[in-house]
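There are 2 protein chains.
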Amino acid sequence: MNLIKKPVTGMKDVLPEEARLRNYVMDVIRKTYAAYGFQQIETPAVEHLDNLNSKQGGENEKLIFKILKRGEKLKLDEVKEAADLTEEGLRYDLTVPLVRFYSAHQAELPAPFKALQMGPVWRADRPQKGRFRQFVQCDIDILGDATNLAEIELILATTKALHNLGFSGFEVRIGDRRLLKAMAAYAGFAEQDYDEVFIILDKMDKIGQDGVQKELTDAGFGEEAAKRYLSLYRELENRPGAEGIRYLAGTLAEHLEAGVADNLIEIMDLVEKSRTADFALVFDPTLVRGMSYYTGTIFEIAMPEFGASAGGGGRYDRMVGKFTGLDVPACGFSIGFERILLLLTERGFRVPTAGSRCAVLIEKGASPDAVHAVMKEAEARREAGDQVLVVRMNKNKKFQKEQLAAEGYQEIREVFRD
Amino acid sequence: MNLIKKPVTGMKDVLPEEARLRNYVMDVIRKTYAAYGFQQIETPAVEHLDNLNSKQGGENEKLIFKILKRGEKLKLDEVKEAADLTEEGLRYDLTVPLVRFYSAHQAELPAPFKALQMGPVWRADRPQKGRFRQFVQCDIDILGDATNLAEIELILATTKALHNLGFSGFEVRIGDRRLLKAMAAYAGFAEQDYDEVFIILDKMDKIGQDGVQKELTDAGFGEEAAKRYLSLYRELENRPGAEGIRYLAGTLAEHLEAGVADNLIEIMDLVEKSRTADFALVFDPTLVRGMSYYTGTIFEIAMPEFGASAGGGGRYDRMVGKFTGLDVPACGFSIGFERILLLLTERGFRVPTAGSRCAVLIEKGASPDAVHAVMKEAEARREAGDQVLVVRMNKNKKFQKEQLAAEGYQEIREVFRD
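Going line by line, the protein sequences match chains V and W. If you're matching positions, the first sequence starts at 267 in our numbering and goes up one per residue. If you're matching positions, the second sequence starts at 267 in our numbering and goes up one per residue.
What the hints contain is simulated information worked out from the structure, not anything from laboratory work. This one's a predicted model, so the numbers in the text were calculated from it and none came from an experiment. Built from N, CA and C at the ideal position, the CB exists for glycine as well. Please note that a few of the clues may not be correct.
Stated by the list, open to error - Some chain V residues flagged as far from chain W (calculated, every beta-carbon gap over 12 angstroms): (1) Gly-474; (2) Leu-502; (3) Thr-517; (4) Ala-574.
Unchecked claim - Pairs of lysine-lysine, DSS-like flavour, derived with a Cα cap of 25 angstroms: (5) V:Lys-321 - V:Lys-346; (6) W:Lys-341 - V:Lys-346; (7) V:Lys-341 - W:Lys-341; (8) V:Lys-588 - V:Lys-328; (9) V:Lys-395 - W:Lys-472; (10) V:Lys-297 - V:Lys-321; (11) W:Lys-335 - V:Lys-346; (12) W:Lys-339 - V:Lys-328; (13) W:Lys-346 - W:Lys-321; (14) V:Lys-297 - V:Lys-661; (15) V:Lys-447 - V:Lys-472; (16) V:Lys-664 - V:Lys-630; (17) V:Lys-335 - W:Lys-341; (18) W:Lys-339 - V:Lys-272; (19) V:Lys-278 - W:Lys-346; (20) V:Lys-395 - W:Lys-335.
Stated by the list, open to error - What follows is a set of in silico ranges between Cβ atoms, one per label pair, in the way DEER data are often shown: (21) W:Glu-462 - V:Glu-338: 28 to 36 angstroms; (22) V:Asn-268 - W:Asp-461: 19 to 27 angstroms; (23) W:Arg-505 - V:Glu-649: 31 to 39 angstroms.
In isolation and in its complexed conformation, chain V is listed as follows:
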């Protein structure tokens, strides 16, 4: 009887070198966020399917690993459809579990609550290079703060974590779903068409303004609306940052609730003045962010070395209330943990190590006294912060020593039998 050696489809084993890097990155992230008063929490890997299927997960709801009912609950004879077989599944993100967690434990938590979550999620995506069916997400969220202090702290903390991991010169793009909607309203699109319009708008950096305008008309939207829409973007070209936001505030006055523009400008201004990390905070009127639960500011991290986004988030003020009846404003920022890891690996990043590393090879048959002397000294050195590997000497000692040297052991000692 043989074990199947490969991991299950789309999931991967983590070898020692990668595990070291993963632990290091998690440690840096955890310490950085702790300095900002974020508190880590954990939720189970398994979640109620009713919660997972609550229409907040978007496409992810199609990718759930569902768990077969057990014992008396599994009635094979009465099964009509797959849904009769399951009631629990693996979480596909950390947001649905966070909302459940908060609604269950609110009374025990500070208000506002600054939460850090870092843990695996599972999605039955089509396997592809570099994307796995189990991967770590890393989210910070502030629940119970309606003011833009939340956005400011989220951006400062997230960029500081990236800074502490050695990243610089990246961009944080910021926008606001309310601005996005006001722009669409100004152009004359109907509200039910906004999502479709935004999907096309999202391609701006690939297909440009003319491309977006053409796709909009190709999709059946009126030429006038498309033109009017794109005219806004053309006006913004020469009005970067706060100037552009002020231009929109003036132009969209009829469609935009008061304070949205000032709020965004204030966030950008305060982050700019307070930040210690090296990054640019850029107003991006084309930023969409897929999830429909966002209600206000939205953000995204763009790394020069990395085509896709390396993180993102935004404000989702109505989600907690919708599911719990409690009106709780909320705002979150997620780091693309696996992408950050990939970037560090591509850069040849090495986890810094403290202390020296020594390997002692002991030949089979070495006297107990000799072994004892090794152990005694090893314990003392470990106590002092060194790493001491004591192992049996292999027959192919040369290869063993080469391998240990490659692993980073600076000192290799040998103890022979008498």
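The hints should help you fit chain W onto chain V, whose structure is shown.
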């Protein structure tokens, strides 16, 4: 539409204070084992059911959370039994995945390989107080070392981890499955009855020697065998440690392979001489350890404050070979992570914190300049290692301040609107 607020049956949410403790314990364990040259690895939560059901998991195989097949693989019309619906499940321990991992990656790993695993496992146990269906296991294993260097390093490292977590005065009980079998053979039990005999023997600390003898005869074993068996244990009463082992070596000579006793004495002697942690290593001829895969030495941690075992392990030289065709000796030691956590919590253990903790409450409407001044100072203090929480001031400020003080913020500052 409402979320189900409670976690799924038998699993739990981890609140900030517990999460801090969990992270702290993991960190201490990881650093301790790293000093001994153990390298952390990770395997996916999801494993092939064929592997999980390979008869090494004992009773745990009945407790698997199975994952429903997806898409074309799920043929509801053709389902005859539950097994047709699944091919993957959540891992119930870290040993089966380790063996799979090793067989897949052996060429990339050092030999001997010292592995650390720390991660969640899932068992659909009947929910009961303090036992959960998702819990963390923490195992170290040495693969590829047939000598007792493996046992010595495993015991030194595990006890050092407990020492570094503040435990002292505990016991590590050690035995050997081969001694256990030789004792049963000497008494005259048939080999196919050993497991049943050992299950009764395992109750020794509860029912005593007379109790064991009675249960053996009640179970239908010959009175002579039971008497002869217990006579060995009576002889051992006045022969502690090495003396008892030597007595067995002499008495059981016909049934015991050469070297077993010397091996055990040498392990005990070398650990005793080399250890820096405060614990007693005790030969325990009644130690059984449930899993059938053990082939040699077995160990268990007994904490005075804690009735049950707080960890255990042993040598399982044939398991890797059985499943991979490669003959690889192996030995492992597992810490009862959740039990250790429970003990620390019961003792009122507090995670040590570095730096001071300051909370700044900002009233709604405070000027951007005032917020900026707070942020600037906060960033500087965080840089210096302090924890600075900046949050919106609540209407019920008094309660907010009390709560923050209870959370451990030594300094609370308030910033008002002009």
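- Indices of hints not satisfied (ascending): 9, 10, 14 and 19
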